[in-house]
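Engineer: Sequence:
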Amino acid sequence: MSPADNATARAQKGRTPAGLHPGVVEEAEIVLTFDDNRLASLVFGQYDQNLAHLERRLDVTAIANGNRVTVKGTPEASELARRVLEGLYERARQGAPLSPGDVDGAIQESTLQGSLFPAEEPSAPGLTAFDHISTRRRGAVRARNASQNAYIKALKTNELVFAEGPAGTGKTWLAVGYAVSLLEQGQVDRLIISRPAVEAGERLGFLPGDMREKVDPYLRPIYDALYDFMEARHVDRGLQTGMIEIAPLAFMRGRTLTNALVLLDEAQNTTSMQMKMFLTRLGEGSRMIITGDPTQIDLPPGQKSGLVEAVRILHGVEGIARVTFKEQDVVRHDLVRRIVTAYDKAARQEQAPQDQPRGERERRP
Numbered sequence: 001m002s003p004a005d006n007a008t009a010r011a012q013k014g015r016t017p018a019g020l021h022p023g024v025v026e027e028a029e030i031v032l033t034f035d036d037n038r039l040a041s042l043v044f045g046q047y048d049q050n051l052a053h054l055e056r057r058l059d060v061t062a063i064a065n066g067n068r069v070t071v072k073g074t075p076e077a078s079e080l081a082r083r084v085l086e087g088l089y090e091r092a093r094q095g096a097p098l099s100p101g102d103v104d105g106a107i108q109e110s111t112l113q114g115s116l117f118p119a120e121e122p123s124a125p126g127l128t129a130f131d132h133i134s135t136r137r138r139g140a141v142r143a144r145n146a147s148q149n150a151y152i153k154a155l156k157t158n159e160l161v162f163a164e165g166p167a168g169t170g171k172t173w174l175a176v177g178y179a180v181s182l183l184e185q186g187q188v189d190r191l192i193i194s195r196p197a198v199e200a201g202e203r204l205g206f207l208p209g210d211m212r213e214k215v216d217p218y219l220r221p222i223y224d225a226l227y228d229f230m231e232a233r234h235v236d237r238g239l240q241t242g243m244i245e246i247a248p249l250a251f252m253r254g255r256t257l258t259n260a261l262v263l264l265d266e267a268q269n270t271t272s273m274q275m276k277m278f279l280t281r282l283g284e285g286s287r288m289i290i291t292g293d294p295t296q297i298d299l300p301p302g303q304k305s306g307l308v309e310a311v312r313i314l315h316g317v318e319g320i321a322r323v324t325f326k327e328q329d330v331v332r333h334d335l336v337r338r339i340v341t342a343y344d345k346a347a348r349q350e351q352a353p354q355d356q357p358r359g360e361r362e363r364r365p
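Numbering of the sequence shown is given in the numbering used here, commencing with residue 1 and proceeding in unit increments.
Restricting the straight-line Cα-Cα distance to at most 25 Å, the calculated cross-link-like pairs of lysine-lysine (BS3-like) are:
| hint | residue 1 | residue 2 |
| --- | --- | --- |
| 1 | K153 | K326 |
| 2 | K156 | K276 |
| 3 | K345 | K326 |
| 4 | K345 | K304 |
| 5 | K156 | K326 |
| 6 | K304 | K276 |
| 7 | K304 | K326 |
Hint data in this document are derived by calculation from the structure and do not stem from the laboratory. Remember, predicted model here, so these are calculated numbers, not experimental data.
The whole structure should be built from the sequences, with the hints applied where relevant.
Structural biologist: Right under this line is the structure:
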């Protein structure tokens with residue numbers, strides 16, 4: 001359970017401090033007044049959606065009135081809500097967009113800050129617990145949970161990073177953002193982004209057009225992430241000059257990639273031979289990021305995933321980091337998180353009977 005979920009659970013239970021009669025729950029009321037009405041409205045969200053999300057996550061009541069918000073709940077939950085709202089206001093002041101996903105990130109970040117800084121030693125204004133990456137188009141993009149924070153730190157300190165986890169956890173998006181930041185800082189000369197061209201349970205047949213038109217459908221998520229972090233004209237210019245190269249995995253064979261950031265997405269659909277080929281492309285001054293979801297392998301039955309094998313073989317090798325995301329780390333949408341959790345629960349239930357000894361399975365009615 002994450003720190004934010006722990007805080008939520010404690011808030012839901014309430015708190016009965018020593019000296020209170022059993023059955024009596026202590027409550028607190030905190031009133032925050034923001035000095036800028038426009039920024040306050042950004043913090044509250046359209047139709048107060050951010051406040052509603054905060055209420056659901058922390059089991060508090062948050063009532064907005066103009067530039068003022070009143071928070072009611074247990075002392076612990078109310079204090080956490082205060083830190084979250086102040087953090088969101090600071091982000092709004094810096095021009096960062098705010099959404100329910102940013103509220104989730106602020107909750108986890110504020111929970112971590114609360115554990116780092118005792119009450120008698122409050123943290124300095126603007127001091128943050130989570131790491132971030134920065135690009136010209138989006139500015140600072142901060143981690144929204146502990147797993148993303150570990151991911152960003154791993155990207156900054158290792159030459160090769162494996163990122164595994166379900167859809168919606170930000171694996172590919174953050175990797176592209178980090179790649180763009182290195183390119184803009186001049187730490188690498190090129191971005192080389194690749195995916196294996198494997199259909200997700202479909203047979204697409206013959207695709208018309210030239211080579212780029214044939215492979216673009218497989219690489220569209222990469223383009224979407226690039227356009228999030230770079231101006232469209234800069235992306236188009238980079239593609240024309242070769243500063244940005246997006247190609248199917250088969251095009252990597254025989255190359256040595258120097259002074260580049262190389263990203264392999266959807267790596268769970270690589271074969272063992274493809275993964276070894278890709279890993280050995282790394283040249284001087286280059287970094288490599290490999291992302292994938294081992295639960296969504298689209299290879300033919302009986303074919304071993306190169307990602308699963310590589311993570312096992314390369315465990316403990318110096319200079320290589322591995323970050324694993326869980327279903328609770330999904331930041332795309334609350335519903336996506338619940339969908340992933342439901343599928344994982346169903347998979348565990350199906351696996352449980354298979355894990356039992358054969359004799360026990362036969363004795364079951």
